[in-house]
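Construct all of the structure, not just a fragment, from the sequences and the given hints.
Number of protein chains: 2
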Amino acid sequence: MAKENETNNEIRRDSEGWITYRPEIKVLDCTIRDGGLMNDHLFDDKVAKAIYQACVDAGVDYMELGYKADKKIFAQNKFGIWKFCTESDIRKVIGDNDTTLKLATMADAEKCNYKNDILPREESVFDLIRVATYIHQIPIALDMIKDATDKGYETSVNLMAISTVPEYELDVAIETLAKSEVGTIYLVDSFGSLYGEQMQYLARKYLKAAKAMGKEVGVHTHNNQELAYSNTITSLIEGVNYLDATIDGMGRGAGNCQLELLLGFLHNPKYRLRPILKCLTDHIRPLKANLNWGFQIPYMLTGLLNQHPRSAMKFLAGDNKDDFLQFYDEITEENS
Amino acid sequence: MAKENETNNEIRRDSEGWITYRPEIKVLDCTIRDGGLMNDHLFDDKVAKAIYQACVDAGVDYMELGYKADKKIFAQNKFGIWKFCTESDIRKVIGDNDTTLKLATMADAEKCNYKNDILPREESVFDLIRVATYIHQIPIALDMIKDATDKGYETSVNLMAISTVPEYELDVAIETLAKSEVGTIYLVDSFGSLYGEQMQYLARKYLKAAKAMGKEVGVHTHNNQELAYSNTITSLIEGVNYLDATIDGMGRGAGNCQLELLLGFLHNPKYRLRPILKCLTDHIRPLKANLNWGFQIPYMLTGLLNQHPRSAMKFLAGDNKDDFLQFYDEITEENS
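Taken in order, these protein sequences are the chains called G and X.
Under our numbering, the first residue of the first sequence carries the number 1, and numbering increases by one thereafter.
Under our numbering, the first residue of the second sequence carries the number 1, and numbering increases by one thereafter.
Hint data in this document are derived by calculation from the structure and do not stem from the laboratory.
Among these hints, one or two may not hold up.
Each pair may be met inside one copy or between any two copies, as identical chains are not told apart.
[As the list claims (entries may be wrong)] Only pairs whose alpha carbons sit at most 20 Å apart, straight line, appear in this in silico PhoX-like list of lysine-lysine:
no., residue 1, residue 2
1, Lys71, Lys115
2, Lys278, Lys321
3, Lys288, Lys321
4, Lys288, Lys46
5, Lys208, Lys179
6, Lys179, Lys211
7, Lys92, Lys102
The structure is reproduced here in structure tokens:
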């Protein structure tokens with residue numbers, strides 16, 4: 001696998017560049033999962049079904065439908081069905097998924113009753129369990145990965161908030177995950193704070209550890225500094241094969257890598273842009289008027305300062321949302 | 001000069017990365033010039049003066065005030081004073097510029113009566129003449145460069161629309177410009193169609209030709225595919241030292257590299273972000289409501305297809321501006 005990566009880099013550094021394509025690349029749409037953080041997962045069935053159909057028609061490889069959240073932790077009357085992703089709820093909306101599109105759901109460490117709520121794969125509409133973990137939750141994440149693997153699923157792991165983790169700890173975390181049963185380890189830019197050079201450096205680090213154990217690397221970016229798309233391309237050039245994106249960049253705060261930009265870049269003929277543009281026009285833009293995700297100056301500032309965007313989200317929901325200077329002064333105030 | 005560039009690359013490829021800074025880097029604000037394409041150069045004096053003051057306060061190196069357009073070609077009653085940049089008009093608004101900020105104006109090949117309208121530098125408020133040329137106008141551009149050099153100005157040249165030029169012709173054009181009196185040759189992504197790898201390749205090409213003749217390279221990007229900022233960073237990492245940007249990305253169509261993102265990235269302590277955020281909040285955002293520049297799906301599509309954004313601008317000014325699918329179908333219609 002490492003050899004394949006070297007070859008790919010070699011090709012791309014030569015004259016072929018983006019003219020050709022790498023068939024190993026997989027695109028994962030996470031519009032409903034990451035976008036659900038903006039609307040408490042309250043998608044109309046019609047909209048959810050339209051996104052699903054767009055992914056099928058566009059040749060997208062995986063679609064993530066939401067979280068497998070523990071109903072003992074989260075009240076069902078406060079969230080949409082995409083927060084819990086029960087088999088029956090999902091099948092009611094999108095059927096049994098008799099397509100080539102694989103379905104994924106996210107299982108958050110400490111927020112998922114995985115032993116009970118994740119059924120064996122042969123009884124499930126899902127193909128891929130995506131474990132999300134902070135570095136201090138890795139022992140739980142490892143158990144979740146093993147549980148999902150034993151039940152027959154493909155697995156991936158999102159190690160979150162790495163931009164605030166010391167490198168010697170990150171190295172141990174990546175090595176530990178690489179030794180687990182997980183199929184794909186994701187490089188995640190939770191705060192949208194990473195520059196291209198940092199992504200390149202981290203992608204090489206992740207790839208080295210993952211490829212040595214026969215695993216893939218994925219990338220999940222946020223658009224706080226308007227680098228989500230370019231950081232995704234930077235990562236794929238290095239050899240990262242699993243690429244997360246959302247329609248219109250729908251996602252928490254500044255949003256994600258835009259699926260339409262990504263499909264415009266990818267040259268595998270199986271991908272088609274038109275169904276995504278149709279869904280964006282008909283179903284996603286009408287949501288944006290109220291939910292208002294995407295690049296904004298306050299997100300740029302939290303990204304720049306390597307902070308969680310929650311202060312920016314709070315500011316943008318307030319009365320002075322256009323006074324960027326006030327927000328700048330607030331978050332750069334002296335701490336002592 | 002070439003050696004300096006190699007050293008820079010070496011440093012950046014090591015562990016220092018963005019922690020340090022390269023003192024040779026110069027930032028050029030072109031808000032009024034490129035932004036003027038959105039409002040026929042009709043800036044209020046108050047707004048123009050505020051942008052000027054923000055550039056001074058932010059430690060920006062150059063500010064481009066507009067075009068030196070020929071009044072025989074363009075009717076004065078249809079455009080603001082920033083289209084013509086006469087010495088008296090400029091001095092009326094911003095005075096004699098007794099600051100460290102250098103002032104620039106753009107002289108468009110075939111649209112500027114440069115022999116008459118550009119005064120000797122000692123009589124001028126301007127420091128830098130920026131010649132803009134298409135590849136077929138290079139003989140005129142060379143004469144304009146010589147004229148401005150003889151009059152005592154710093155000079156730069158923007159070679160436009162290179163993404164539609166065959167490479168063997170581009171090579172000749174760059175070599176020819178490198179042999180001229182010009183100080184800085186700009187790598188310009190007119191259609192916002194270039195990816196990071198292409199920018200890297202072109203930056204290396206421009207740098208090789210320019211540095212051999214003791215000249216600098218600049219970069220001017222557009223945000224059609226949301227790559228203006230990342231392409232600017234990619235270029236500077238390669239050794240490009242002159243960086244164009246605009247406040248809030250104000251510029252034609254999808255706009256430019258955002259100055260606030262760029263200053264956030266640059267680590268030379270002479271640059272300050274706060275004055276730009278203040279100007280953006282107080283003066284630029286109020287303009288955006290009407291002028292509506294910035295990334296939009298139709299610009300993404302013209303960028304993707306390596307086309308001038310004029311079809312997207314026309315579409316976005318029409319009644320169906322939100323029907324991106326219709327625009328996609330229009331511009332991908334079969335040509336025969």
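Verification of the supplied hints:
no., hint, in the structure
1, Lys71 / Lys115, "within (13 Å within a copy, 77 Å between copies)"
2, Lys278 / Lys321, "between (31 Å within a copy, 14 Å between copies)"
3, Lys288 / Lys321, "both (17 Å within a copy, 16 Å between copies)"
4, Lys288 / Lys46, "within (16 Å within a copy, 34 Å between copies)"
5, Lys208 / Lys179, "within (13 Å within a copy, 45 Å between copies)"
6, Lys179 / Lys211, "within (11 Å within a copy, 49 Å between copies)"
7, Lys92 / Lys102, "within (17 Å within a copy, 65 Å between copies)"
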